[in-house]
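Peer 1: Residues per chain, in single letters:
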Amino acid sequence: MRSTILFYFLLFIGFSCSSCEEELKLDAPGSLVPLTVVDDATLPSIVINNVHLHAETFGDPEDPILIVLHGGPGADYRSILNFKELSHDSMFVVFYDQMGAGLSQRVDPEAFDGVQVFIDELEAVIAHYRQNPNQRVVLAGHSWGAMLATAYVNQHPDEINGLILAEPGGFTYDQTMDYISRSRSLKLFGEATNDFVYQDHLITGSDHNTLDYKLALSTAGNDTGDDANLLPFWRLGAICNIASFEAVVEDNSLLDFNNNLNAYTGKVLFVYSELNEAYGAEHATLVSSAYPNVQLELIMGCGHEMPHFGWTNLYPLCKSYLSEIL
Amino acid sequence: MKNLIRTTIIIMLSTVFGFAQNINWQSLEEDKSGLVYLNFGYDFGMSTQVGIGHKIETFLPIVLTADYSFPAGKNIADDFKIRLGGQLQLFEYKNFVFSTKLLGTFKRHETDLVRMASFGSDFSAIAGFYKAKWHVAAEVGFDKTISNNLKHSKFLRDNYPEIKDGWYIPTGGNWYYGVQGSKTFGNRLEGSIRIGVTNAEKKDENALLPYYTQLGLVWRY
Chain A
1 MRSTILFYFL LFIGFSCSSC EEELKLDAPG SLVPLTVVDD ATLPSIVINN
51 VHLHAETFGD PEDPILIVLH GGPGADYRSI LNFKELSHDS MFVVFYDQMG
101 AGLSQRVDPE AFDGVQVFID ELEAVIAHYR QNPNQRVVLA GHSWGAMLAT
151 AYVNQHPDEI NGLILAEPGG FTYDQTMDYI SRSRSLKLFG EATNDFVYQD
201 HLITGSDHNT LDYKLALSTA GNDTGDDANL LPFWRLGAIC NIASFEAVVE
251 DNSLLDFNNN LNAYTGKVLF VYSELNEAYG AEHATLVSSA YPNVQLELIM
301 GCGHEMPHFG WTNLYPLCKS YLSEIL
Chain B
327 MKNLIRTTII IMLSTVFGFA QNINWQSLEE DKSGLVYLNF GYDFGMSTQV
377 GIGHKIETFL PIVLTADYSF PAGKNIADDF KIRLGGQLQL FEYKNFVFST
427 KLLGTFKRHE TDLVRMASFG SDFSAIAGFY KAKWHVAAEV GFDKTISNNL
477 KHSKFLRDNY PEIKDGWYIP TGGNWYYGVQ GSKTFGNRLE GSIRIGVTNA
527 EKKDENALLP YYTQLGLVWR Y
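Read top to bottom, the protein sequences are chains A and B.
Residue numbers are given in my numbering: position 323 of the first sequence equals residue 323, and the series is strictly consecutive.
Residue numbers are given in my numbering: position 195 of the second sequence equals residue 521, and the series is strictly consecutive.
With the rest of the complex left out, here is chain B:
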């Protein structure tokens, strides 16, 4: 039970900051604090992601965001991921910026055999070179599934009657390492790219396709 309390607190804290899209800190202007974004790529499946963000003024620059992504397939509502949080700029020297993302995540996955609903966190650090119209950066992060509720289908329960439904804690995690970049077009539109590899935690078997890619568009308002 202590684990649950601890992880709940961690996630609560993390979502104070939350998740963010690729942010070019140098191109965020005072009068355009909002952004919407659309991403497409491979992220444990061919995924589409839509999201919104809002820059808030604190002692450090923070962009709060929320997004929803789903993999391709006939049933687009059975698998999805919701992320909420933000990106915090911690350090800036000339055009070099170091920032961190702290996320709370909710993932759902359903097949004919099982329905999974999980809570987790996604923490990453980003360091790179930021100009007004473009940026390139390296990122390293860890996506942890902390608590995962499994509910098995009738077929699987008939097949193995002793199979246990319920909360499995934890059920895995993946490190990711990659690069990202963006290019601004005009004063509202930005194109972005992320590409990298994933690596399962500890000595766990890696994902079948241990890569991620993302092409995106950001509209500022």
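If we strip away everything but chain A, and leave its shape as in the complex, we get:
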């Protein structure tokens, strides 16, 4: 009976304290995740295929274009902003958050058909910034962004003049699932796994604000060689992530970018990290072998998040590669 009285007391104190403060709502815009370009007009944006995208550029618009593609699907470009340094090396560097991701406009799940919608979006982004047909275009992709770059090249091998790929999960469904299973190993009694699932006990939701917040809290589950809790980001896109993933799980053939890569004969800079044990030289060699002309490089001292934690070592390689191909 004492425990019951104590519980009443704690409950009363808890609610008394809470009643002194403002009542907050999970789904209130701006409470837990930043506003998107739709609600915050101060953010830089472009309109691509009728969707408002968060986008920024650095450098001279007449220089060769370097379009930098973030991971996910559903992440944002905040952690790969180091690539803007290449604007000092005569590159016009373009960043954008893909539809439904980062600070870009949220869209319904039905819009995510797997990969094609992102390929079409990238094609439109290139057209948006390309000033003439002779302006050269290079794609730099990290993780999912590197997969997207490859998916684009697979369909448009003559449209691109260079490729920098940082640890794409794979260019086929099997390769990708193989990598994901290693990078997100399920440890039934581990802290990260149980943290990942326990939040469902305290928070549920169906709106973008709540789901994006929950996805942000889940990032600690990665096991890819870096401290994911130190990786900066603006806002993750949960619906974008879930719907895209479900689409390729339902139809594995959507994730097969490996049937026309031989048509791209230009040199590809393919990098992988020392500390991401889930990736490694074997997987890097397997995945990169889809391209006929590859410069395969190991980035020392970092894990999967090379553009952020390994930029000191990645930058000279990118600079050297770009000066060679352009």
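It should be emphasised that the hints constitute simulated quantities derived from the structure, not laboratory data.
Watch out, some of these pointers could steer you wrong.
Claimed, not checked - Chain A stretches covered by chain B per the calculated footprint, using a threshold of three residues with CB under 8 Å from any CB of chain B:
1) 28-38
2) 198-206
Unchecked claim - From chain A, some residues computed to sit far from chain B (all C-beta separations above 12 Å):
3) D120
4) S289
5) N293
6) Y315
Beta carbons are placed, not taken as given, at the ideal position from N, Cα and C, and that holds for glycine.
We have chain A; now place chain B onto it with these hints.
Peer 2: Then chain B, alone, in the frame of chain A:
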């Protein structure tokens, strides 16, 4: 503010009855009104639960209980759930028993990014066939997080300075549907099992693993 007052009253009332372990009403004897229990299973994480209970005599049979559960992991004190309340037998016909659980809950969850502390309620109805040495029953319940205090880490606040700490009301709920059973060994020890599925309220996204399982031991004294 009215919501807070209303929910406080609801929880206060619910904890008059509180939470209970799987109860085999037919095996509760007059001279053994106390019970302790240990459960293990999946309940939004691989969880261990310990608890105590006490049967009281009123116009209807009530078993008051209190328990503490925590998911597995390196830090076993950062996440936990406390439940206090009881199970009330409402109806009995031959070996068929209908009962209800009314619970008050306190949940805590902490990661490198956020600390959550929440108050809520857990209501369920159980109907089944009860014999002296065993029982099987079906259950349906709703676990609601009514008020949840979020406090974010320095990293998350640096990442998004406008993020708001404070009381979020409400922050979600999960229905659960399942079956339970027990078998008595001797006159003091009982083994129990629960298994079922969870379903997030309204049109909310379901839990990543929308299931629960529980294996338990009960010692009566």
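Peer 1: Hints first: check each against the structure and report whether it holds.
Peer 2: Status of the hints after comparison with the structure:
{"no.": "1", "hint": "28-38", "result": "holds (count 5)"}
{"no.": "2", "hint": "198-206", "result": "holds (count 9)"}
{"no.": "3", "hint": "D120", "result": "holds, 27 Å"}
{"no.": "4", "hint": "S289", "result": "holds, 34 Å"}
{"no.": "5", "hint": "N293", "result": "holds, 39 Å"}
{"no.": "6", "hint": "Y315", "result": "holds, 24 Å"}
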